[in-house]
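Trainee: The lines below spell out each chain.
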Amino acid sequence: MEFNVSIEQFDGPLDLMLHLIKENKLDLMDLNLDVLAEQYIDYIHQMQEMHLEIASEYLTELAGLIEYKSRKLLPREKPELEDEYEEDQREKLVRRLLEYQQFKDASQTLRTQFDRRQKQYTRPQASMVESWMQIKSDGTIEPQSVYELLKAMDRVLKRHAILQPYETKVTIKELSVEERLEQVKARMKNETQAILFETLCEDCTSLHMIIVTFLAVLDLVHQNDLICYMDENEAIWIRKGAAL
Amino acid sequence: MKQKTIIEGLIFLAGEEGLTFEQICSALDHPVNDAVVEDLETLKKQYDDPDSGIELTEFSNRYKFITKEAIYPYGQRIFEHAKPASLSQAALETLAIVAYKQPITRVEIEEIRGVNCEVMLKKLQAQGLIEAKDRLDTVGKPLLYTVTDEFLDAFELNTLAELPELPQHDGEEDLFGNEEEE
Amino acid sequence: MKQKTIIEGLIFLAGEEGLTFEQICSALDHPVNDAVVEDLETLKKQYDDPDSGIELTEFSNRYKFITKEAIYPYGQRIFEHAKPASLSQAALETLAIVAYKQPITRVEIEEIRGVNCEVMLKKLQAQGLIEAKDRLDTVGKPLLYTVTDEFLDAFELNTLAELPELPQHDGEEDLFGNEEEE
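Residue numbers (the working numbering), protein chains in the order written: chain A, 1 to 244; chain B, 1001 to 1182; chain C, 2001 to 2182.
Just so you know, the hints here were simulated from the structure itself, not pulled from any lab data. Keep in mind it's a predicted model, so treat the numbers as computed, not measured. Cβ atoms here follow ideal geometry from the backbone N, Cα and C, with glycine treated the same way. Be a bit skeptical, because a hint or two may be false.
To be verified - Straight-line alpha carbon distances no greater than 30 Å define the calculated DSS-like cross-link-like pairs of lysine-lysine that follow: (1) C:K2045 <-> B:K1004; (2) C:K2133 <-> A:K185; (3) B:K1004 <-> C:K2002; (4) C:K2133 <-> A:K151; (5) B:K1004 <-> A:K119; (6) C:K2122 <-> A:K151; (7) A:K119 <-> C:K2002; (8) C:K2068 <-> B:K1044; (9) C:K2064 <-> A:K151; (10) B:K1101 <-> A:K119; (11) B:K1045 <-> C:K2068; (12) B:K1004 <-> C:K2044; (13) C:K2004 <-> A:K119; (14) C:K2045 <-> A:K189; (15) B:K1045 <-> C:K2122; (16) B:K1101 <-> A:K104; (17) C:K2044 <-> B:K1045; (18) B:K1002 <-> C:K2122; (19) B:K1045 <-> B:K1101.
To be verified - Across the chosen pairs, the derived CB separations fall in these ranges: (20) B:D1048 <-> A:D34: 49 to 59 Å; (21) B:D1051 <-> A:S131: 32 to 42 Å; (22) B:E1162 <-> A:D30: 28 to 38 Å; (23) C:T2138 <-> B:Q1102: 50 to 60 Å; (24) C:E2156 <-> B:N1158: 27 to 37 Å; (25) C:P2050 <-> A:E232: 49 to 59 Å; (26) A:S56 <-> B:K1101: 22 to 32 Å; (27) A:E234 <-> C:A2035: 18 to 28 Å; (28) B:E1041 <-> A:S6: 47 to 57 Å; (29) B:K1101 <-> C:T2138: 51 to 61 Å; (30) B:T1138 <-> A:E91: 20 to 30 Å.
Work the whole structure out from these sequences, hints included.
Mentor: Here you go:
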């Protein structure tokens, strides 16, 4: 028998057993423990042959199943007792598998809810609030949870990432020259006087954006939308052109 | 100023922390429970409008404003870092067990999952989704794990009573009918 | 979804820092300046309604939502009576930065927190939670802050190595994505 699923894909021995039950179309309510045990033992052996690391939990269950199998192979001296053992082992395992399956199912619902909630943004508490809070002044510190510290750091990092999108390179979709061109045109349309290139760059938050602005200005000069000149201090002045 | 207006502003001020019903009442001049409930309902409806990018939610008994899910892809374009966390199958299973069975000890969780959960429990604790405040009064005094308010918020729940009933597998139905392969 | 709806959601999630016109445009699908300006105007008017507790402001080229000022006194009632924390959020955040990044200068802390921390650092030093024994060997020789033994006591730690691991926010590695059970 070939097994195509690697052990890393299972969340533990019970997960693996549920998979084997499904693969072999076994009935969980009337479980054929012989088949399951055989499959499980084969599977673990195959994984071992592939030199995959097998967590101890899998081996614990393996030991139980090997014991079950070997008992069945031994000549039976007290048939009633053995039957009882077999029934107990089976019932116990089925009960565990059913309970595990329940939580596996429940976790699917939880996943849906979690994923949806993750896609909704919140915003930090207004900074005003902090100034309203009273802070204990006697200087003594009660024992604190280290997780409060972790949460605080997490908050800081999240906020840092959100509030400084430009500084964290490639965070922002870069503005294209075409888009900037339209913005500059809109801006210059109502400008009767010449303005400094720097003024045009007031909303720039990165070097990239300044370069894009410059390229847009060059384009617009070429199209006679803008007139551009440099003064004695090498400052660049821009004025509305004939075409705008 | 209308009471509804004040409530709206207050919830907004509180940001991600949100406000409980009691906190809202404590800020109002002469709060009448029914009137506050009504205002909250009106606000909820108002923001439910598909033209609104924001919604008013009540998770973990706290009212807070959050953006609608449909805003997410656009938000990502500006804030690439605001990627959502994801939880592994193992993490979700462990959380499910704690949520349905709490308070519960590590050993009990491990019995159900069939694997050692020590590292996982530490991670979930660090993530603020579970906590261990009490200990079972037995040999070894093992820690008792419960889910946190943050868990409720992360899973869109107001209280644990809102958890869907555990699926029962007592015979007839196809056990793997709803199984999803990954 | 309407463009106005997206703009509303984006400005909301940007918090107090707000968004520039260009940032808003960069998130939209096919932004036309005039249409975006119009949406912003409509939103402004919509929130100008005296019944709204929130307003859309434009200050130094950034759009942001804030709570109307008339609501502040009500907010103050909630938060000044809130159980006074022995360490404020700001104090915890500053401590967290020192603990995770030490030794660290004031300027570095301020870069991370985005606000001036001079007073806070003095306060924490007075409380004995941090200290500044060394100086960085660079221009100005700034002080290097580290946490104290008292800090370790307060947080029930033996060494800083016991601090819980920080979750990843760089999107490259999901927090629980590569989970391995032990």
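Trainee: Look at each hint and say if it fits the structure.
Mentor: Status of the hints after comparison with the structure:
no.	hint	in the structure
1	C:K2045 <-> B:K1004	19 Å, holds
2	C:K2133 <-> A:K185	56 Å, violated
3	B:K1004 <-> C:K2002	26 Å, holds
4	C:K2133 <-> A:K151	27 Å, holds
5	B:K1004 <-> A:K119	28 Å, holds
6	C:K2122 <-> A:K151	23 Å, holds
7	A:K119 <-> C:K2002	19 Å, holds
8	C:K2068 <-> B:K1044	19 Å, holds
9	C:K2064 <-> A:K151	26 Å, holds
10	B:K1101 <-> A:K119	28 Å, holds
11	B:K1045 <-> C:K2068	21 Å, holds
12	B:K1004 <-> C:K2044	19 Å, holds
13	C:K2004 <-> A:K119	19 Å, holds
14	C:K2045 <-> A:K189	25 Å, holds
15	B:K1045 <-> C:K2122	47 Å, violated
16	B:K1101 <-> A:K104	14 Å, holds
17	C:K2044 <-> B:K1045	20 Å, holds
18	B:K1002 <-> C:K2122	43 Å, violated
19	B:K1045 <-> B:K1101	35 Å, violated
20	B:D1048 <-> A:D34: 49 to 59 Å	57 Å, holds
21	B:D1051 <-> A:S131: 32 to 42 Å	35 Å, holds
22	B:E1162 <-> A:D30: 28 to 38 Å	35 Å, holds
23	C:T2138 <-> B:Q1102: 50 to 60 Å	52 Å, holds
24	C:E2156 <-> B:N1158: 27 to 37 Å	32 Å, holds
25	C:P2050 <-> A:E232: 49 to 59 Å	54 Å, holds
26	A:S56 <-> B:K1101: 22 to 32 Å	24 Å, holds
27	A:E234 <-> C:A2035: 18 to 28 Å	38 Å, violated
28	B:E1041 <-> A:S6: 47 to 57 Å	52 Å, holds
29	B:K1101 <-> C:T2138: 51 to 61 Å	55 Å, holds
30	B:T1138 <-> A:E91: 20 to 30 Å	27 Å, holds
In this structure, the earlier hints numbered 2, 15, 18, 19, 27 are contradicted, and the remaining ones agree with it.
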